[in-house]
Amino acid sequence: MTDSGPETNPPGTLDGTGKPVLEIDSLTKAFGGIQAIDGVSLTVNDGEILGIVGPNGAGKTVLINMVSGFYRPTSGSIRFNGQKIDGLPLHKVGRLGIARTFQNIRLFNRMTALENVLTAIKQHTTHPILAALAFAPSRQGIDEAMELLDLMGLTARANQGAGELPYGDARRLEIARALATKPKLLLLDEPAAGMNEQETGELIEDIRKVRNRLDAIALIEHDMTLIRALSDRIIAMNYGKIVAEGSSKEVLSHPEVVEAYLGTDEEEDG
Amino acid sequence: MSAELAQQIVNGLVVGGMYALIALGFTLVFGLLDKLNFAHGEVVTLAGFIAIFSVNMGLSIWLTIPVVIILTGAVGIIIELLSFRRFTSKEGHSVSALSSFALGIVILEMVRLQWGATPVQLDIPKSIYISGTVLFGAPIPWIKFAIFSISIFLMIALHLVMSRTKIGRSIRAVAEEPTSARLLGINTTLVTQYVFVIVSAMAGVAGLLIAMQNGIVTSDVGFTFALKGIAVMAIGGMGDMRGAIVAGLLVGVLEGIAFSIGWGGISDVIVWFLMILVLLIRPAGILGGGRQAETRV
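Top line first, the protein sequences correspond to chains A and B.
The letter at position 80 of the first sequence is residue 80 when you use my numbering, and the numbering goes up by one with no holes.
Counting the second sequence from 1 gives a position; my numbering is that position plus 1000.
Don't read these hints as lab results, they were simulated from the structure.
Predicted model only: the values in this text are computed from it and were never measured.
One thing to keep in mind: the hints can contain errors.
[Said to hold, decoys possible] Simulated crosslink set (DSSO-like; lysine-lysine; CA at most 27 Å straight-line):
1. A:Lys209 / A:Lys184
2. A:Lys19 / A:Lys182
3. A:Lys84 / A:Lys241
4. A:Lys92 / B:Lys1090
5. A:Lys84 / A:Lys19
6. A:Lys92 / B:Lys1035
[Claimed, not checked] These stretches of chain A come out as covered by chain B in the derived footprint (C-beta under 8 Å, 3 or more residues):
7. 83-92
8. 104-111
Note that CB positions come from ideal geometry on N, CA and C, so glycine has one too.
The following block holds chain B by itself, in its conformation from the complex (with noise of 0.2 Å):
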């Protein structure tokens, strides 16, 4: 393997993970509520400002972690009540879409009065991009393994909470038959704002580490991120969090090999190309377990 290529592909990890830590988010949401977040990717923008927020009144690096989680969760919470809560009839889905989408833009428009649009340094050594070991010949610095290896953490702590907890039980029971779950005594509106609280959360974290590898925060990060989100639920299968992950991973190292034999220009056709085949040819994603798989008879 050339150092080129093994650089590219963990670059590739590292991205996928955090593409994978959004995507997670959207279909949490989505097969909760088959509904759409579209205020998801400026959580992530605004967690980012919230690290250099904390950094710069002194703060480490590594205590940003719970102020972030703290935060981005309360907004999670604010997201589902004004988005969300009310839109319960057949047109919800559509109005949820737009409303997200007009919160998303006041959040955004928000960090940018306060920030600015211009792209905003994250105070933290420069050695911590330095220092580092060697892969297949080429240099991978610590904090790439720092990042990757939060974001799997991550994916491990959530997989335990769906399948190992109370609130995991319920809202994989509200996800799949709602009327069952009402009836057996859960609380779907207080489910419903835990999904929120977890996903934004996530999605805050992914945030964080983004500013951490780039060293800056640009207001726009969200929106880049959050298209390839949605790309990358949607290659996962809608609803399936196991496919979230491994289509993150895989779209993050598509793109790092695209990069690497030259065809980095069009590495987004061919990621937005593969969804599309997707959809078309497998439509519950690419490990089988989206929505669609119980639609299709």
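One chain only, chain A, in its complex shape (with noise of 0.2 Å):
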């Protein structure tokens, strides 16, 4: 059922070099008799951000969750830059450069926003024992989390409990301690779940303000307006198998697309 579709965008017109960045084969996952990934192929390549769609319990979530290390393909294989990565722990896939959101913010809620971030931060010492014994993060750690909290406009927020922040600000946290591991691919599970048209904007530029420092996004959302703003490419599935596949154009137009998912939506949308 997996329409290939022709490729209109040519990877030339993106900032990376169009390489794969992850490449997921024949990927399926079943929990007891249910076939939540059926036969699931796609890249994801350097310099794009690649939307996927889907109506509930199309197995968006659980294809994050894999690749994320969450949980084990039942069968296929999942490669970050060549390297095969199932079946790794998952600070090991974070560790390789892969962060992501969840669809239910996870802070730390009992930590300030600076914390949170300096959480992710990578050591500056070289020594693992003397790194998790340094007294006050360093200079240079600070610093780089700083910047990030800038970046999203958190600065006034940084020594506030991030379980106080209202929630374009919890979200954009979440974001900016996702990239303090300097990830190479970005997964964000339904970013705007939950916000309000001018968040939504707002949450958007703020995905355009990041995106150069990743190699690649994947991004699961609901949100059209948001999909449209930011997709270069788009993955639309069903039932555990990618239906549509191209342009958002294309894809949002696709009839089974419509059919399954966009019906109900386009009428939220207005």
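Taking the hints as your guide, dock the two standalone chains into a single complex.
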């Protein structure tokens, strides 16, 4: 059923080299008798933002959970910059350069905004024991963390508890924290969930600001404004399979996508 | 204030500091893994006998401190490896509780095989129990101040490690949101090991301090103190470090006051009933910072 469609976005128009960053091949995942992912193959290329759309239960989050190391695939493979990553423990996936945000924001709520980012900053000292015991994070670490908070407009919130942040700022902090690991690939799982139109607009600007720090972004989203504004290429999923792939115009007007998903969403979008 | 009451309050603070050191271990492990470490108390016992062994080998009592820290820290690694590492399933909480309970008994029985079940004298100069000062008419030997100062110093050190260092931030990150922490590149196994080393070494120092205070070590000391440590952890709020410190000192002083007004016989009833009340009325602990605070909406 996969519609490979004509590739209308030549990789050359993007910042990156267009080389594949993430390669997923014939991936399946079964939970008991339920086939959550059913033979998905896709690539995320250097320089692009890939949008992944589909109705609830289509398997989008399961897919991201497998890339970030939560679940082992039932079959198939996931390669990141050529290296096989399925089956690696979460922290190794993180250290290789994959970061993500969660649909329900998962911050360290008992820490300040700055501490949240510092937790993710890579060490500047070489010896792990010295690094673990180093009192007061290095000046360089704090500067790096503050720079990320500045980027997301959170400078004034640095010493505020993460649990007290308003929703939009919490999402921005989650992105800043993800960037602190210096990832190559950022996975965003419904970043606009629960946001109003204005907040979504700000989020779009924020993601545009950070994209040049990353090789690529994969984005799951229901909000079509955000998907249209950001995606260079879109993949539509349903019942664990890819049903359409191509430019946003092609995919969002694909009959199967409209039927499975957009019919209801367009009404919301007005 | 009567001399008797002053005496008992000072005693209560000194004992309460040790309760707090032990309860901090329970609460840190609970905050990190949601699990109770029932081998924790026997580390206290073991430390007392390590102190006796070291002193008998000719070390001064102060030089036994690093020896105790290193050896009990190593025991912490073993406890984590044997009774916690593998049990990550839903039933893991009960399995770890059972396994660590058994491990505690193994440690205790090994101690008894080596040193017997009767009290063993700690060979330190008796003068340290005599010279001192007078507070509110009550004579207080310097050793009590030393013990209390060491307890407070360790608590401050722990606070600094948790709030200022990379490992402290990692521990807090894993305790609160393990999934995010792991994705940010934090190795949760390593963090868990660090925690077991820290809490076991703290329990070890507590065991040494108890030995110094009593001048003798008995093999049931760990059991007695660990029980109190569990009560203190619950009263302070499970997972709440500040709560454990405040509750430890509070329980110590409460016991002291109970003794000074002739209620010594029911001091345990008071403490444990307080724990039942706190769990019912203030499940997140006296300061409200415990685990239960997050699950209550």
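How the hints compare with the structure:
Of the supplied pair hints, the one linking A:Lys209 and A:Lys184 holds, its CA atoms being roughly 15 Å apart against a limit of 27 Å. Between A:Lys19 and A:Lys182 the alpha-carbon distance is near 19 Å, which keeps this suggested pair within the 27 Å criterion. Among the hinted pairs, A:Lys84 with A:Lys241 is consistent with the structure: their alpha-carbon atoms are about 22 Å apart, no more than 27 Å. As the CA atoms of A:Lys92 and B:Lys1090 are separated by approximately 24 Å, the hinted pair is consistent with the 27 Å bound.
Of the pairs offered as hints, the one joining A:Lys84 and A:Lys19 holds, with about 16 Å between alpha carbons and a cut-off of 27 Å not exceeded. Among the hinted pairs, A:Lys92 with B:Lys1035 is consistent with the structure: their alpha-carbon atoms are about 25 Å apart, no more than 27 Å. Counting residues of the segment 83-92 of chain A whose C-beta lies closer than 8 Å to any C-beta of chain B gives 3; at least three are required, and the coverage claim holds. Counting residues of the segment 104-111 of chain A whose CB lies closer than 8 Å to any CB of chain B gives 6, so the stated coverage by that chain holds, three being the minimum.
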